[in-house]
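Enquirer: Work the whole structure out from these sequences, hints included.
Protein chains: 2
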Amino acid sequence: MSPDHLSSTFAALADPTRRAILARLASGEAPVTELAKPFDMSMPAISKHLKVLEHAGLIARSRDAQWRPCRLEASRLKEVADWVEHYRRFWEQSLDRLDDYLRQLKHQELKTKEKKHGRKQPKH
Amino acid sequence: MSPDHLSSTFAALADPTRRAILARLASGEAPVTELAKPFDMSMPAISKHLKVLEHAGLIARSRDAQWRPCRLEASRLKEVADWVEHYRRFWEQSLDRLDDYLRQLKHQELKTKEKKHGRKQPKH
DNA sequence: AAGTTAAATAACCACCGGGTTAAATATACT
DNA sequence: AGTATATTTAACCCGGTGGTTATTTAACTT
Numbered sequence: 506m507s508p509d510h511l512s513s514t515f516a517a518l519a520d521p522t523r524r525a526i527l528a529r530l531a532s533g534e535a536p537v538t539e540l541a542k543p544f545d546m547s548m549p550a551i552s553k554h555l556k557v558l559e560h561a562g563l564i565a566r567s568r569d570a571q572w573r574p575c576r577l578e579a580s581r582l583k584e585v586a587d588w589v590e591h592y593r594r595f596w597e598q599s600l601d602r603l604d605d606y607l608r609q610l611k612h613q614e615l616k617t618k619e620k621k622h623g624r625k626q627p628k629h
Numbered sequence: 506m507s508p509d510h511l512s513s514t515f516a517a518l519a520d521p522t523r524r525a526i527l528a529r530l531a532s533g534e535a536p537v538t539e540l541a542k543p544f545d546m547s548m549p550a551i552s553k554h555l556k557v558l559e560h561a562g563l564i565a566r567s568r569d570a571q572w573r574p575c576r577l578e579a580s581r582l583k584e585v586a587d588w589v590e591h592y593r594r595f596w597e598q599s600l601d602r603l604d605d606y607l608r609q610l611k612h613q614e615l616k617t618k619e620k621k622h623g624r625k626q627p628k629h
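Those protein sequence lines, which keep their order, are chains C and U.
623 is the number that the working numbering gives to position 118 of the first sequence; each next residue is one higher, with no gaps.
600 is the number that the working numbering gives to position 95 of the second sequence; each next residue is one higher, with no gaps.
Incorrect hints may appear among the rest.
Partial chain U-side listing against chain C, Cβ under 8 Å, derived [unchecked claim]:
#1 516
#2 544
#3 589
Here are the simulated DSBU-like pairs of lysine-lysine, each with C-alpha atoms no more than 30 Å apart in a straight line [as the list claims (entries may be wrong)]:
#4 583(U) / 556(U)
#5 553(U) / 556(C)
#6 556(U) / 542(U)
#7 553(U) / 542(U)
#8 583(C) / 556(U)
#9 583(U) / 556(C)
#10 583(C) / 556(C)
#11 542(U) / 553(C)
#12 556(C) / 542(C)
#13 583(C) / 583(U)
#14 583(C) / 542(C)
#15 553(C) / 553(U)
#16 553(U) / 583(U)
#17 553(C) / 583(C)
#18 542(C) / 553(C)
#19 583(U) / 542(U)
Which chain U residues stay away from chain C? Per the calculated CB distances, all over 10 Å, these [unchecked claim]:
#20 529
#21 536
#22 556
#23 568
Honestly, the hints are just simulated from the structure, not real lab data.
On a predicted model such as this, the values are computed, not experimentally measured, just so you know.
Where is the CB? At the ideal position from N, CA and C, for every residue including glycine.
Expert: Structure below.
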């Protein structure tokens with residue numbers, strides 16, 4: 506009922522070309538040649554990337570004459586978001602600790618200033 | 506200054522064994538043998554998976570006598586969350602459209618009922 | 001010093017992923 | 001029918017990945 510899409514999704518996302526294609530598709534449908542333009546890469550290479558994205562369910566393709574426009578398909582991205590969300594507490598915890606650390610630094614700095622202030626006045 | 510970690514992170518996450526290891530580490534540090542227990546897999550295989558996770562910056566390892574406890578390292582997961590967040594509007598939009606669709610179905614259903622009600626009474 | 005446990009490394013194998021070039025297919029245009 | 005454009009498929013290369021078994025290293029134990 507709920508097959509594990511995560512492996513193929515992550516595998517598809519593990520390539521900068523494919524992530525760039527997704528980013529492009531975020532601003533609307535596009536045919537293959539247009540998707541290929543930014544890349545110094547042959548058409549078959551792009552075609553393969555698109556197949557990977559399609560099999561992962563990250564894009565869907567239609568037909569318009571000889572063009573095959575691609576569009577973003579968001580559900581698998583939501584699955585990624587849901588998955589990573591389970592770990593949120595870990596990075597927020599880390600940020601908290603960083604925050605504590607910075608506060609502590611600030612505190613020490615203030616104490617240093619107080620000391621300085623208490624000292625004999627510097628020359629200038 | 507900000508190297509692209511996403512590719513190695515996604516690649517590391519594209520394996521169910523490695524995701525299971527991360528899930529285990531979410532409940533605390535563990536040495537290699539304990540991480541290996543749930544899997545029907547040789548120790549070197551686990552060792553390789555851990556190396557992949559470590560190189561991706563998803564875990565960190567320390568030393569305690571002959572044990573090498575692993576702990577979750579959250580920053581790369583945060584990068585994943587931040588990345589996928591850019592696409593949030595797409596799945597929320599899709600859900601909205603689904604919602605619209607369901608509302609419309611409901612509406613038609615109501616209209617059908619009204620028609621039925623207006624018609625000659627059915628047999629039973 | 002010898003033995004035990006934890007873990008990593010070496011060497012190997014099969015397969016897959018990302019790229020190429022060349023050829024095939026699909027659709028539109030004239 | 002013939003040509004042009006868009007895209008895919010085929011065949012190939014190479015390096016990386018995921019697994020194995022056998023060996024080695026590291027640290028503790030007796």
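Enquirer: Against each hint, give a clear statement of whether it holds in the structure.
Expert: Evaluation of the provided hints:
1. Interface hint at residue 516(U): satisfied, since its Cβ lies 4 Å from the closest Cβ of chain C, which is below the 8 Å cut-off.
2. The interface hint given for residue 544(U) is violated, since its Cβ lies 15 Å from the closest Cβ of chain C, which is over the 8 Å cut-off.
3. Here the hint on residue 589(U) is kept, as its CB sits about 5 Å from the closest CB of chain C, short of 8 Å.
4. A C-alpha spacing of about 20 Å is found between residue 583(U) and residue 556(U), which places the hinted pair at or below 30 Å, so the restraint holds.
5. For the suggested pair residue 553(U) and residue 556(C), the alpha carbons sit about 29 Å apart, so the restraint of at most 30 Å is met.
6. Taking the CA atoms of residue 556(U) and residue 542(U), the gap is about 17 Å. The hint holds against a cut of 30 Å.
7. For the proposed pair residue 553(U) and residue 542(U), the alpha carbon gap of about 15 Å is at most 30 Å, so the pair holds.
8. Between the alpha carbons of residue 583(C) and residue 556(U) the distance comes to roughly 28 Å, so the proposed pair stays at or under 30 Å and holds.
9. Restraint check for residue 583(U) and residue 556(C): satisfied, since their Cα atoms lie roughly 28 Å apart, inside the 30 Å limit.
10. With a CA separation close to 20 Å, the supplied pair residue 583(C) and residue 556(C) stays within the 30 Å bound.
11. A C-alpha spacing of about 38 Å is found between residue 542(U) and residue 553(C), which places the hinted pair above 30 Å, so the restraint is violated.
12. With a C-alpha separation of about 17 Å, the suggested pairing of residue 556(C) with residue 542(C) holds against the 30 Å cut-off.
13. For the proposed pair residue 583(C) and residue 583(U), the alpha carbon gap of about 15 Å is at most 30 Å, so the pair holds.
14. A hinted pair counts as satisfied when its Cα atoms are at most 30 Å apart, and residue 583(C) with residue 542(C) qualifies at roughly 28 Å.
15. With a CA separation close to 28 Å, the supplied pair residue 553(C) and residue 553(U) stays within the 30 Å bound.
16. Between residue 553(U) and residue 583(U), the direct Cα distance comes to roughly 24 Å. Compliance with the 30 Å bound is thereby established for this hinted pair.
17. At most 30 Å may separate the alpha-carbon atoms for a hinted pair to count; residue 553(C) and residue 583(C) meet this at roughly 24 Å.
18. With a C-alpha separation of about 15 Å, the suggested pairing of residue 542(C) with residue 553(C) holds against the 30 Å cut-off.
19. A distance of roughly 28 Å separates the Cα atoms of residue 583(U) and residue 542(U); the hinted pair therefore holds under the 30 Å criterion.
20. For residue 529(U), the condition that its CB be more than 10 Å from all CB atoms of chain C holds, with the nearest at approximately 13 Å.
21. With a minimum CB-CB distance of about 20 Å to chain C, residue 536(U) clears the 10 Å threshold, and the non-interface call stands.
22. Here residue 556(U) stays apart from chain C, with its beta-carbon at least about 17 Å from theirs, past the 10 Å limit.
23. Every CB of chain C is more than 10 Å from the CB of residue 568(U) (nearest about 22 Å), matching its label as outside the interface.
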